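Trainee: Order-wise, the sequence lines are chains E and Y.
The first sequence begins at 270 in my numbering and counts up one residue at a time.
The second sequence begins at 270 in my numbering and counts up one residue at a time.
Certain hints may be false.
Because identical chains share one entry, a pair is satisfied inside a single copy or across any pair of copies.
Lysine-lysine pairs mimicking PhoX-like chemistry, simulated, CA-CA at most 25 angstroms apart [claimed, not checked]: (1) 637 <-> 418; (2) 419 <-> 630; (3) 418 <-> 445; (4) 579 <-> 354; (5) 592 <-> 637.
Read the hints as simulated data drawn from the structure, not as lab findings.
All figures in this text were calculated on a predicted structure; none of them were measured in a lab.
There are 2 protein chains.
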Amino acid sequence: MSEPERDDRYQGYRGPARAALERYGIGVWSEVEVVNDRGSVFKGVILPRSETFDDLHIVIKLVNGYNVGVVANRIASARELGYKKAVYRIPEKAFPVDSRKKNVTLLGTGGTIASRLDYRTGAVIPAFTPGELYGAVPELADIANMDTKKLFGVFSENMGPEQYIALAKAIGEEIKRGVDGIVIGHGTDTMSHTGAILSFMVQNSPVPIVLVGSQRSSDRPSSDAALNLMNAVRTAAECDIAEVMLCMFGPTSDNYDLLHRGTRCRKMHSSYRSTFRTIGATPLATVSRDRGENGQYFKYLTDDFLKRDKTRVPIINPSFEEKVTIQYYYPNFNPDIIDGLSSMGYRGMVIAGTGLGHINKPLYPAVKRAIEKGMTVVMTVQTIWGYAQMYVYDTGRDLLNLGIIPMDNMLPETAYMKLAWVLGQTDDPAEIRRMLLAPVNHEITPREPHNGYLVLQGGLPEVEAFIGQHWK
Amino acid sequence: MSEPERDDRYQGYRGPARAALERYGIGVWSEVEVVNDRGSVFKGVILPRSETFDDLHIVIKLVNGYNVGVVANRIASARELGYKKAVYRIPEKAFPVDSRKKNVTLLGTGGTIASRLDYRTGAVIPAFTPGELYGAVPELADIANMDTKKLFGVFSENMGPEQYIALAKAIGEEIKRGVDGIVIGHGTDTMSHTGAILSFMVQNSPVPIVLVGSQRSSDRPSSDAALNLMNAVRTAAECDIAEVMLCMFGPTSDNYDLLHRGTRCRKMHSSYRSTFRTIGATPLATVSRDRGENGQYFKYLTDDFLKRDKTRVPIINPSFEEKVTIQYYYPNFNPDIIDGLSSMGYRGMVIAGTGLGHINKPLYPAVKRAIEKGMTVVMTVQTIWGYAQMYVYDTGRDLLNLGIIPMDNMLPETAYMKLAWVLGQTDDPAEIRRMLLAPVNHEITPREPHNGYLVLQGGLPEVEAFIGQHWK
């Protein structure tokens with residue numbers, strides 16, 4: 270679930286510590302002899318570090334078995350005596366199968382789904398097969414029977430149409446096999462994008478489809494990896510919601526994860542664990558370690574969802590037009606970009622406009638030309654929260670008259686996925702418009718009466734409740 | 270402060286009411302005779318409406334002086350007898366000058382700064398000159414002596430380099446004239462963009478420079494216009510902070526506005542009043558109607574700001590390179606866009622990457638080509654909150670090696686403004702990099718130890734304090 274290891278030789282080393290490794294031509298798994306400025310000699314193997322650790326020390330596993338941190342800036346000399354890469358595997362134990370438990374398939378897209386830290390060596394041991402997962406997170410066996418399939422191995426920023434289509438098809442196959450739920454391990458960078466496209470490509474699912482990842486790799490003490498994975502498997506196995514969801518760390522405590530609807534979720538912080546937010550709606554449910562009064566792990570925050578029903582036949586429609594773009598408006602946005610996109614053959618453009626869905630006047634003729642040439646142009650808002658309301662001002666109405674289609678409060682990235690999915694199926698303008706505006710899965714939510722205050726929490730029930738009282 | 274009136278003939282009418290006006294060829298200020306399906310006859314003048322009102326009624330000022338709302342869908346016939354546009358002006362009263370009070374100049378950029386609703390007619394009367402402002406918001410005379418200058422009249426989405434440069438020069442002139450503070454009336458769509466560019470163009474100011482606007486036009490009962498304007502004038506006249514700031518509605522109550530630093534502010538909801546958020550920092554201060562224990566209208570939330578000092582000489586540097594763009598990354602973002610921008614002569618590009626600052630692998634060669642051709646490429650994060658941390662993974666380091674400059678937690682829109690401002694001054698790569706990374710006014714804020722929870726409030730001190738306790 271964390272990203273694949275992106276580094277090898279200097280794994281986890283930064284700053285002065287890394288500089289020292291580079292200076293002496295040594296790296297992780299080097300057998301070394303290091304002497305510091307007091308003359309102390311350290312012989313052993315350099316261990317990988319986690320990026321959370323400080324950048325001042327180099328950690329050496331001494332021959333006596335102890336680990337020691339040597340201050341990088343006080344190293345007087347160091348030389349490599351050899352190289353001894355430790356490859357550790359979690360002992361494969363058969364994942365215990367219990368016929369009373371539900372069957373869950375975990376689909377891998379890249380990176381480490383789970384891992385275990387070897388405290389003797391500091392090594393991070395990745396786990397993926399059912400047996401390895403059982404070794405790394407034995408609690409899983411209490412939750413469900415598990416099967417795993419590695420579909421491909423890419424960083425989440427490299428996910429694209431090819432992977433979306435493969436995922437949609439694999440989901441269809443697992444459903445056909447009769448599993449009770451599907452978990453998809455995914456990097457967090459574009460997890461909400463994948464949630465959006467799968468919501469369109471896989472409709473009418475009989476079972477839950479749960480994307481899960483972690484913001485901190487599983488070798489870190491503050492990792493959310495095991496918690497998220499267990500809660501995702503609980504969701505796939507037993508949750509009533511048969512939709513595409515993200516299962517990620519809830520914001521108030523380590524006690525629960527939140528289930529976010531695939532079309533309404535956005536990553537809102539580059540590094541915090543509680544980074545995902547349901548925008549313009551309430552999250553679907555919380556998932557906790559323990560069963561609540563309803564006998565379930567879940568506290569449902571709405572009842573407006575597709576219920577689990579194993580007799581339902583899914584619709585798998587893996588269409589995707591590649592020539593689609595998102596453009597966030599900024600002052601002085603120049604018409605040459607729109608003309609350029611049009612001449613490069615772009616068939617669709619999502620604009621994230623300012624305010625209620627505005628762009629500057631000099632763009633109007635370029636938008637008109639692009640639409641006349643066959644580009645579908647839709648309007649969303651760059652404020653993230655709120656609605657494109659293009660009937661309020663004449664300027665908005667002018668844009669509507671040019672043929673721009675307002676997407677209300679559809680998130681720009683969700684609108685991008687829907688537009689690519691629709692344009693993958695038709696080039697008839699009327700049909701494109703009809704499909705864009707026909708709801709698939711809450712990609713537009715109704716406006717609710719409000720008091721004019723913006724609650725950015727969007728996924729934090731007890732705090733929301735408090736703020737509600739406090740603010741009104 | 271609200272946008273200029275964008276509509277005339279159907280001002281404020283929407284839906285069925287507007288459709289009825291169009292059907293019968295009548296509009297605002299038409300003298301009409303309307304008959305409904307029960308045979309009742311209404312003779313009078315059609316009044317403009319506010320967009321907040323319902324879309325079911327047409328309001329007619331009857332000849333007897335009463336206003337009546339006629340249900341649009343029950344109109345049987347209607348004809349125009351004439352046209353009687355009422356042009357109302359607030360009686361010009363001399364703005365009372367008090368030599369003990371501070372002198373504030375209000376610069377107009379477009380739209381209505383303030384207005385008064387004429388309850389007899391329903392007409393909205395715009396106010397701009399000091400005399401009109403005094404007529405509309407008489408409390409202003411208790412706060413400061415006021416002068417006003419209309420620089421130009423554009424919707425805020427049409428603000429661009431020409432206006433920024435004119436504003437920066439006008440600010441310089443007002444400072445030279447010796448005013449105690451400057452207020453800039455501005456539409457909210459791009460107010461934070463203007464706050465960012467003015468922070469770079471006008472440095473070392475001796476006095477406060479305060480952008481102000483309103484999310485609800487001043488004819489609406491829930492308008493924040495007068496409150497924001499009064500608080501902006503209080504800030505310009507007496508606040509200790511001599512920086513470019515936004516003065517907008519605070520989120521918890523009508524009791525105060527928040528002062529946001531120009532480089533760190535973002536509009537986060539398309540329609541709510543409490544839409545502006547300071548991102549990655551605490552707002553500078555609150556401004557209230559009444560003086561607090563410190564004898565000031567302000568509660569300072571930090572002391573890390575440039576203090577008011579009328580002897581200080583400002584640096585006015587109105588540079589702006591027009592060939593700069595922002596691109597928010599999305600899955601399957603295609604290299605042809607970057608190649609296209611490069612061949613169109615774009616000299617600068619802000620990427621808002623995923624996660625810690627990532628883009629997909631196929632873009633690397635295109636970025637390399639663009640940089641080799643002389644484009645400056647900087648990285649920000651599309652999560653809005655958090656930092657580009659490009660040293661964490663090999664992929665990030667690869668991007669750094671291509672020459673991408675990481676902007677830490679600079680907001681994408683602030684990075685755009687800084688890049689345009691820097692490229693307006695030099696084309697020397699080393700100097701560009703130096704200037705981009707040299708702090709001007711807190712456009713990058715230091716990382717603070719945190720508990721891993723994302724507090725999206727960012728500008729809500731008492732609620733923050735509570736959440737702090739609650740979450741830890």
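Trainee: Hint by hint, note whether the structure agrees.
Mentor: How the hints compare with the structure:
Taking the shortest Cα distances, residue 637 and residue 418 never come within 25 angstroms of each other, neither inside one copy (47 angstroms) nor across copies (36 angstroms). Taking identical chains as interchangeable, the C-alpha atoms of residue 419 and residue 630 lie at most 25 angstroms apart only when they sit on different chains, with a minimum of 21 angstroms there against 50 angstroms within one chain. Within a single copy, residue 418 and residue 445 get their C-alpha atoms as close as 15 angstroms, which meets the 25 angstroms cut-off; across copies the closest is 71 angstroms, which misses it. Taking CA atoms no more than 25 angstroms apart as the test, residue 579 paired with residue 354 passes in neither setting, with 48 angstroms inside one copy and 66 angstroms between copies.
Taking the closest pair of Cα atoms, residue 592 and residue 637 come within 25 angstroms of each other both inside a single copy (18 angstroms) and across two copies (22 angstroms).
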